[in-house]
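Visitor: Here the working numbering runs 4 ahead of the position in the sequence shown, where the first position is 1.
Because the hints were derived from the structure by calculation, they are not lab data.
Fair warning: this is a prediction, and the values are worked out from it, not measured in the lab.
Please note that the accuracy of each hint is not assured.
Unchecked claim - Restricting the straight-line Cα-Cα distance to at most 30 Å, the calculated cross-link-like pairs of lysine-lysine (DSS-like) are:
1) LYS51 x LYS94
2) LYS480 x LYS456
3) LYS51 x LYS308
4) LYS106 x LYS263
5) LYS404 x LYS303
6) LYS499 x LYS480
7) LYS311 x LYS459
8) LYS127 x LYS210
9) LYS404 x LYS459
10) LYS311 x LYS215
11) LYS130 x LYS495
12) LYS406 x LYS36
13) LYS258 x LYS171
14) LYS360 x LYS406
15) LYS171 x LYS109
16) LYS406 x LYS311
17) LYS258 x LYS308
18) LYS404 x LYS46
19) LYS36 x LYS21
20) LYS308 x LYS499
Said to hold, decoys possible - If you anchor each label on the Cβ, the simulated ranges turn out as follows:
21) ARG186 x ALA14: 28 to 34 Å
22) LYS130 x PHE392: 25 to 31 Å
23) ASN276 x GLU17: 20 to 26 Å
24) MET322 x SER355: 16 to 22 Å
25) ARG292 x LYS459: 45 to 51 Å
C-beta atoms are modelled at their ideal positions from N, C-alpha and C, and glycine is treated no differently.
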Amino acid sequence: NENGQELATATREWTHKEELGYPNSMTFERDKNWGLLVTAIKEVLAKVANANIQAISTTSMREGIVVYDENQNELWACANVDARAEAQVKELRAMSGNLESKAYKISGQTFALGSAPRLLWLKEHKPKLYDNIAYLAMLSDWVSCRLGAPIALDPSNGGTTGLFNLKTRNWDLDLAQELGLRTDYLAAPVYETGTVIGQVSRQAAKETGLKAGTAIVMGGGDAQLGTVGVGAVSANDAAVFGGSFWQQEVNISKPLEDKTERIRMNFHAVANMWQAEAIVFFPGIAARWFRDFIAPDIKEKAIKQSKDPYELLEEMAMQAPAGSHGIIPIFSDAMDYMHWRHAAPSFLNLSLDPDKSGRGVMFRALQENAAIVTLANLNRIADITGSFPEEIIFASGAAKGKLWSQILADVLQIPVKTPVVKEATALGAAIAAGVGVGIYDDMATAAQTLVKWDKVYEPNATNRDVYQDAFERWQKSYTAQLALADAAITKHLWKAPGE
């Protein structure tokens, strides 16, 4: 509601398959996923009358794109870490030794997840489809379009195409042309988050149960609306979002240049604000893998007790000491945006002693690893901003775990604050909707008013040395494991196209 209280929620898990015949692709099944959204909307409307909904806003994973023809019919889409365009990245790099660096300075993005290589892939592999492209938009914009809005983008999500200019917060057609793209399909208007862009159509109302004519308001990228939803709307505010990926976001009042090209520069969903961003790959997915395949009996036990399985796993992990008896998980590397790749997943330094390598110890090691890589990323951001955060706001699924929140505080050795509403991205989208219809004056003021704090986790100084040692051992171990993957002895967890 207008006070930031969550009245109803509904979730659906979706997965993104590799497209047959195209290695490292990650397709986005539009009709299937729309069906999931429709059922979620209907579940919410069973608890909240559609007449009481004044406005709707949308958010999504970033980088994923949808292309349309001139009649705004959907032609093709992919999810965020689609990496099929390896050959196109190599060709772009071969065109000029500094083309990617130039694009990075202009847009804050590299070719790793950018749209240019994917569009060039379409040009080569699906030329008829490419010739018919008239518009490009993001997945959150796709939801708005399905609901009835015209095609439009915002900087916080649209900027992850790598085709926006950091200074203007809009398309950079000169850059697109230099990358070998047509510029006519970069025609969709760009609006700041919180702008009304359309209304729910009769067709969408019929499908979803929403009221026709309800205002549709420009949303934004998941991490950026998440930072709004945790009140991180001022310069130097810092937040960590613990979902499938862990994002570290530090607000900056102007775009900065990272000469090492390791950190990503994004647009905030708050106008005239930017963010330095780093990403830890797959902590949430690794935790889910552990839950489903290493501890399925714990999952079944939790279901019988009407508990969250992660709650029981954390209870087991609490019995293990800080440092997890020296176990070193290898999953995500620290952020290296220009050369983005990760070693093969593994657990190093396991013991045959079940007390030192049991499931509780291993799960704690997974939690500690996510915090350790977060520390590495925040150190890299501090190298360009000039300061390490004084405190961190922690939100999303992992923030529901009391142990994980405390581990993060202990590893970073700064206070960690968790908001009452952990699903901060949804709250950020709700704030955008409210701004659009005049309930709130602006994004920043609304966030500062609505966000309430659940708990502050103070760092335990006695664990400082333990985690500093674990951090250093992880760094040395990761270098060796990455070398094995680079030599094709093991297989990378993930690598950007062209790496």
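Visitor: None of the hints should be skipped; say for each whether it holds.
Guide: Outcome of the hint check:
no. : hint                        : result
1   : LYS51 x LYS94               : 51 Å, violated
2   : LYS480 x LYS456             : 40 Å, violated
3   : LYS51 x LYS308              : 26 Å, holds
4   : LYS106 x LYS263             : 12 Å, holds
5   : LYS404 x LYS303             : 17 Å, holds
6   : LYS499 x LYS480             : 20 Å, holds
7   : LYS311 x LYS459             : 21 Å, holds
8   : LYS127 x LYS210             : 37 Å, violated
9   : LYS404 x LYS459             : 11 Å, holds
10  : LYS311 x LYS215             : 35 Å, violated
11  : LYS130 x LYS495             : 29 Å, holds
12  : LYS406 x LYS36              : 35 Å, violated
13  : LYS258 x LYS171             : 9 Å, holds
14  : LYS360 x LYS406             : 22 Å, holds
15  : LYS171 x LYS109             : 10 Å, holds
16  : LYS406 x LYS311             : 15 Å, holds
17  : LYS258 x LYS308             : 51 Å, violated
18  : LYS404 x LYS46              : 26 Å, holds
19  : LYS36 x LYS21               : 12 Å, holds
20  : LYS308 x LYS499             : 39 Å, violated
21  : ARG186 x ALA14: 28 to 34 Å  : 39 Å, violated
22  : LYS130 x PHE392: 25 to 31 Å : 46 Å, violated
23  : ASN276 x GLU17: 20 to 26 Å  : 36 Å, violated
24  : MET322 x SER355: 16 to 22 Å : 19 Å, holds
25  : ARG292 x LYS459: 45 to 51 Å : 24 Å, violated
The earlier numbered hints that this structure contradicts are 1, 2, 8, 10, 12, 17, 20, 21, 22, 23, 25.
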